[in-house]
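Counted from 1, the sequence shown has number 103 at position 103 by full-length UniProt numbering; the numbering is strictly sequential.
If you are wondering where the hints come from, they were derived from the structure by calculation, not from laboratory data.
Glycine included, C-beta positions come from ideal geometry on N, C-alpha and C.
Treat each hint with caution, since some may be false.
[Claimed, not checked] Below 16 Å or equal to it, Euclidean Cα-Cα: the simulated EDC-like pairs (lysine to aspartate or glutamate) are:
hint : residue 1 : residue 2
1    : 122       : 85
2    : 63        : 86
3    : 122       : 158
4    : 73        : 86
5    : 63        : 85
6    : 156       : 145
7    : 151       : 163
8    : 122       : 138
9    : 151       : 128
10   : 151       : 170
11   : 172       : 154
[As the list claims (entries may be wrong)] Simulated restraints on C-beta separations:
hint : residue 1 : residue 2 : range
12   : 87        : 59        : 20 to 28 Å
13   : 153       : 174       : 18 to 26 Å
14   : 126       : 163       : 21 to 29 Å
15   : 84        : 161       : 33 to 41 Å
16   : 71        : 174       : 30 to 38 Å
17   : 176       : 126       : 45 to 53 Å
18   : 23        : 58        : 51 to 59 Å
19   : 71        : 176       : 15 to 23 Å
20   : 90        : 158       : 31 to 39 Å
21   : 80        : 131       : 50 to 58 Å
22   : 81        : 161       : 39 to 47 Å
23   : 159       : 90        : 46 to 54 Å
24   : 176       : 129       : 27 to 35 Å
25   : 61        : 139       : 55 to 63 Å
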Amino acid sequence: MRRKPRGPFEQYKYWIGMGVVILVFVFVLLTVGKPSSPKSKPNVKKTTFEKTERAGRTRKRQKRTAAERLAEKAKKRLEREQRREERRALAGKGTTTRRTTRQTRETKGSVRIKTETGYILKGIFVDERGERYALIGDRRARSGDVVAGRKIQEVKPDRVSIEYGGSIYEVKIGSPLF
């Protein structure tokens, strides 16, 4: 005997009934799993706290006195000052240069190190195609190249025009780039 097909209304009743049965089942599981009185709960917080309080340590940590803390702070402050003095001494010799934020965004490289004679315009030469190159230190550069954060705008017969920080200046042969 064939079963009569269900209509859409009967299917909704079936699914609503199944949902109610599942909700009742979950409610029963949640209420049965909990103890009825708070006295029957084990004191879990206290036992776990006692275990974790001394985890890995065999003796109590000794408290430092105020004088010890001040002495430690003074020692750290002295070390910081020494590092600052070393950096100032290096900066005075011209061994390192700091870059502005704009340069950092453009190049995204490490801090540039300059030598005393590193970026000097030594000469200008022309290749077989007629294009001019500037010899800066021991590097060939043409217009559009960036050398030490400075963009070369144009290579002229006796000088080079350079853009840096939004302004353009010219460097003659034998002069430093900075």
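The hints, checked one at a time:
1. For the given pair, residue 122 sits about 34 Å from residue 85 by alpha-carbon distance, which is inconsistent with the 16 Å threshold.
2. With a CA separation close to 35 Å, the supplied pair residue 63 and residue 86 exceeds the 16 Å bound.
3. Between residue 122 and residue 158, the direct Cα distance comes to roughly 11 Å. Compliance with the 16 Å bound is thereby established for this hinted pair.
4. Only pairs whose Cα atoms come within 16 Å are accepted, and residue 73 paired with residue 86 is rejected, the gap being roughly 20 Å.
5. Restraint check for residue 63 and residue 85: the C-alpha separation of about 34 Å exceeds 16 Å, so the hint is violated.
6. Between residue 156 and residue 145 the alpha-carbon distance is near 15 Å, which keeps this suggested pair within the 16 Å criterion.
7. Restraint check: the Cα-Cα separation between residue 151 and residue 163 comes to about 5 Å, which is no more than 16 Å; the hinted pair holds.
8. Restraint check: the Cα-Cα separation between residue 122 and residue 138 comes to about 8 Å, which is no more than 16 Å; the hinted pair holds.
9. With a CA separation close to 24 Å, the supplied pair residue 151 and residue 128 exceeds the 16 Å bound.
10. Restraint check for residue 151 and residue 170: the C-alpha separation of about 12 Å stays at or below 16 Å, so the hint holds.
11. As the CA atoms of residue 172 and residue 154 are separated by approximately 12 Å, the hinted pair is consistent with the 16 Å bound.
12. Checking the proposed 20 to 28 Å range against residue 87 and residue 59 shows it is violated: the Cβ atoms sit about 42 Å from each other.
13. For the pair residue 153 and residue 174, the beta carbons lie near 20 Å from each other, so the given range of 18 to 26 Å is met.
14. Checked against the hint of 21 to 29 Å, the C-beta distance between residue 126 and residue 163 comes to roughly 22 Å, which is consistent with it.
15. Range check, residue 84 to residue 161: Cβ separation about 38 Å, and the 33 to 41 Å hint holds.
16. Separation of residue 71 from residue 174 is about 56 Å and departs from the stated range, judged on CB atoms against 30 to 38 Å.
17. In this structure the supplied range 45 to 53 Å is violated for residue 176 paired with residue 126, their Cβ-Cβ distance being about 23 Å.
18. Checked against the hint of 51 to 59 Å, the pair residue 23 and residue 58 passes, with Cβ atoms roughly 53 Å apart.
19. Between residue 71 and residue 176 the CB atoms are about 48 Å apart, so this pair departs from the stated range of 15 to 23 Å.
20. With their beta carbons about 35 Å apart, residue 90 and residue 158 fall inside the hinted range of 31 to 39 Å.
21. Checked against the given bound of 50 to 58 Å, the beta carbons of residue 80 and residue 131, roughly 51 Å apart, stay inside it.
22. Between residue 81 and residue 161 the Cβ separation comes to about 43 Å, which falls inside the hinted range of 39 to 47 Å.
23. At about 32 Å, the beta-carbon gap between residue 159 and residue 90 misses the expected band of 46 to 54 Å.
24. The beta-carbon spacing between residue 176 and residue 129, approximately 29 Å, falls within the hinted interval of 27 to 35 Å.
25. Separated by about 59 Å at the C-beta atoms, residue 61 and residue 139 satisfy the suggested range of 55 to 63 Å.
Checked against the numbered hints above, the structure breaks hints 1, 2, 4, 5, 9, 12, 16, 17, 19 and 23 and satisfies the rest.
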